[in-house]
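**Q** Chain by chain, the residues run as shown.
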Amino acid sequence: MNGDHSPAHGPRRAVAEVAGQPPGDVASYYGRPVLKTPVWEWKVAAYLFTGGLAAGTAVIAAGADLTGAARLRRACWLGSLGALLASLVLLVADLGRPERFHHMLRVAKPTSPMSVGTWILSAFGPGVGAAAIWEMVPVRWRSSWPARLLRAVSRGLGLASAATAPGVATYTAALLSHTAVPGWQEVRAELPFVFAGSAAASGGGFGMLAAPVLEAAPARRFAALGATGELVASRLMEQRMGLIREVYHQGAAGRRRRGAELLTLAGLAGTVLVAGRSRAGAAASGLALLGGSALQRFGVFEAGVASTKDPRYTVVPQRERLDAAARDRSAVTG
Amino acid sequence: MTERNLLFGPEDDVSRDSGYDEHPPRVGFFTDTSVCIGCKACEVACKEWNHVPEDGLDLLGMSMDNTGMLGANSWRHVAFVEQRRPAGQEGGWSLPDEMTAQVEPRLRAAPRGGSELGTTPLPSPGSGAVQDLGMPTFSRPGDGTGAEARTDFRWLMESDVCKHCTHAGCLDVCPTGALFRTEFGTVVVQQDICNGCGYCVSGCPYGVIDRRPGDGRANKCTLCYDRLHDGLEPACAKACPTQSIQFGELDELRERADRRLAELHGQGVAEAELYGRDPDDGVGGHGALFLLLDKPEVYGLPPDPVVPTRFAPEIWRRVGTAAAAFAVAGIGAFVSAAFGNRR
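Quick mapping for you: the protein sequence lines, in order, are chains A and B. Residue 327 in numbering that gives the first Met the number 0 is what sits at position 328 of the first sequence, and the numbering runs on without skipping anything. Residue 218 in numbering that gives the first Met the number 0 is what sits at position 219 of the second sequence, and the numbering runs on without skipping anything.
By construction, these hints were calculated from the structure, which means they are not laboratory data. Wrong hints could be hidden among the right ones.
Under 10 angstroms between C-beta atoms, here's a sample of chain A residues computed to sit facing chain B [said to hold, decoys possible]:
hint	residue
1	Y28
2	T36
3	A69
4	R70
5	R73
6	L90
7	P97
8	R105
9	T110
10	A173
11	S176
12	F192
13	A218
14	R219
15	G253
16	R257
Listed next, the stretches of chain B that the computed footprint assigns to chain A, with coverage defined by at least 3 CB atoms under 8 angstroms from CB atoms of chain A [said to hold, decoys possible]:
hint	stretch
17	151-159
18	326-332
Glycine residues also receive a C-beta, built at the ideal position from the N, C-alpha and C atoms.
Could you put the whole structure together from the sequences, leaning on the hints where they help?
**A** Quick look at the structure:
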């Protein structure tokens, strides 16, 4: 991809032309898009966020369990279950035939990131549910033998869930990149890191918001690592973009991405500077990180959608590839 | 998987690689646009045979094309490319800019950027607005503007259809198994399985398959799977009065396409090219080949489409690295906090 392609033309300009006219004007069929715009709605973008949040909080909950931070553990298992349930509702609601959601479980298909994700979520979900259910057992019942049995089982299941959480946090990048959508396909190298960082930042942010400062030190560190990773990966992604940089900069997607960067930066600063001292500062930083993560997901989602609405983003890179191949061939034969 | 080119690249026996040990030869279409007369009999025959619902009647302003594009309710789509060039010039055909200027803003204003063409009408300009339909006048062409402004004119017509790719993006990403490879090497949606997840819509590099509004399931050309079972040719090919749409065994169609291309080149039609003929292209070649008289993008086709699955190994490597980084960050957060000053 070369990055300096026809910045003079706005996103609307895809006027037809034929060979011999200046590059930049792209032949099209009355300006009609080549690709179908995704049928996915805001629910899928929201799921990108809630899925990442469920994964991030599960990791903190499992760590808190192992290190004996009870309040952080409780808050994060409950948060993880809430985010997971929201994810399932969003995913099923976005189907054209929601009552057939279980058809996803008919097959396991490695070529379909959605199928891979279905099975990752299936492995992730039950343990989160079990761990969160134990957290909801009233304290006065916890010494009874059924509760002790539940604790033993749910603890193991919860830790196993946390082991699949990295898959939950990152597979959604494959889900988007494994499409013909230029705005998602062309960022395939960096998007997994953006989403992993975003998930860690949101999970850590939730821990800071919901647990006392004294217990939340690991959440702060996880959030700081995630936010830093997200900011760096996002900047890198933008630097390497070709023509599709336009859709990441313009319109709603551009606004959301700028908002995501600001909120994540503010959240990161707050996490490092004040979240270890003040509960209010920790909560504000956590909220900023959660907001930044959500805006990042919506920004990436909408940039991809926008990239399908203009034939240039499909045609220009492909035409450049063909022309380059033709030049190579003529260089060999000539 | 990569040795047998299951993800991308040429694949000699696509049905065997999908699990059919005994199977009929791979079939497809050869659509020769040089003899298409734009009658749309293919569109009508397809709708009638396959019970594809009516999808809105609208004048789209795209020459004689009021179907717009392939979609859930348009499994054949006849494109009409109106082109002109200064009179007497060689080459240099282009769409009239003013026509695109009329159409493009309406496409962009539509919620799905024009993807709804073929399923619903586009938003119309406000009622009462007078539209110039370009009706004939009594003055001779060029009278008002001088002889040098006169133009030659041509119409390119092309009946578009699902490409039934060797490596089908829609099929690869389908998470339910609703999309499958038939014994004929074609790609079909099982309507009783599809749950309308919409992944195929974004997996197709040609923008062919779409979800049917009100129904929620994905729909596209089946290459008349039912008719193939009875030894009949697909409805569109049967109805085509000029044999622009030819049905047959793919190997034979490829030879036929090569012969036709050579014939046209011999007659001086240098711009004729085959589309989807090359098994080394980004989708491993089409099951439905085309002979075009201009660049693919002029017809609204992608010039060098690549099946997304081609990037799968690279994507999963990156996802794996990112997942590992996520896990290390999680472990590192707790370990460092335990040894640190609990800040």
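**Q** If a hint holds in the structure, say so; if it doesn't, say that too.
**A** Results for each hint:
About 3 angstroms separates the beta-carbon of Y28(A) from the nearest beta-carbon of chain B, less than 10 angstroms, and the hint is met. Below 10 angstroms, beta-carbon pairs count as interface contacts, and T36(A) has one with chain B at about 4 angstroms; its hint therefore holds. Hint status for A69(A) relative to chain B: violated, with the closest Cβ pair at about 15 angstroms, above 10 angstroms. Hint status for R70(A) relative to chain B: violated, with the closest Cβ pair at about 14 angstroms, above 10 angstroms.
Taking 10 angstroms as the C-beta cut-off, the interface hint given for R73(A) is violated, the closest approach to chain B being about 16 angstroms. Satisfaction of the interface hint for L90(A) is found here, the shortest Cβ-Cβ separation to chain B being roughly 9 angstroms, below the 10 angstroms cut-off. Proximity of P97(A) to chain B holds as hinted, the smallest CB-CB distance being about 8 angstroms (cut-off 10 angstroms). The interface hint given for R105(A) holds, since its Cβ lies 5 angstroms from the closest Cβ of chain B, which is under the 10 angstroms cut-off.
Hint on T110(A) holds. Least Cβ distance to chain B is approximately 4 angstroms, under the 10 angstroms limit. A least Cβ separation of about 5 angstroms between A173(A) and chain B falls short of the 10 angstroms threshold, and the interface hint therefore holds. The interface hint given for S176(A) holds, since its Cβ lies 5 angstroms from the closest Cβ of chain B, which is under the 10 angstroms cut-off. A distance limit of 10 angstroms between C-beta atoms decides the matter here; for F192(A) the minimum to chain B is near 5 angstroms, and the interface restraint holds.
A hinted interface residue such as A218(A) counts as satisfied when its beta carbon comes closer than 10 angstroms to some beta carbon of chain B; here the least separation is about 7 angstroms, so the hint holds. With a least beta-carbon distance of about 7 angstroms to chain B, the hint placing R219(A) at the interface is held under the 10 angstroms criterion. The beta carbon of G253(A) comes no nearer than 17 angstroms to any beta carbon in chain B, farther than 10 angstroms, and the hint placing it at the interface is violated. Hint status for R257(A) relative to chain B: violated, with the closest Cβ pair at about 23 angstroms, above 10 angstroms.
Check on the stretch 151-159 of chain B: 0 of its residues sit with their Cβ under 8 angstroms from a Cβ of chain A, so the three-residue criterion for coverage is violated. Coverage of a stretch by a chain is defined here by at least three residues with a beta carbon nearer than 8 angstroms to that chain's beta carbons; for the stretch 326-332 of chain B and chain A the count is 6, and the condition holds.
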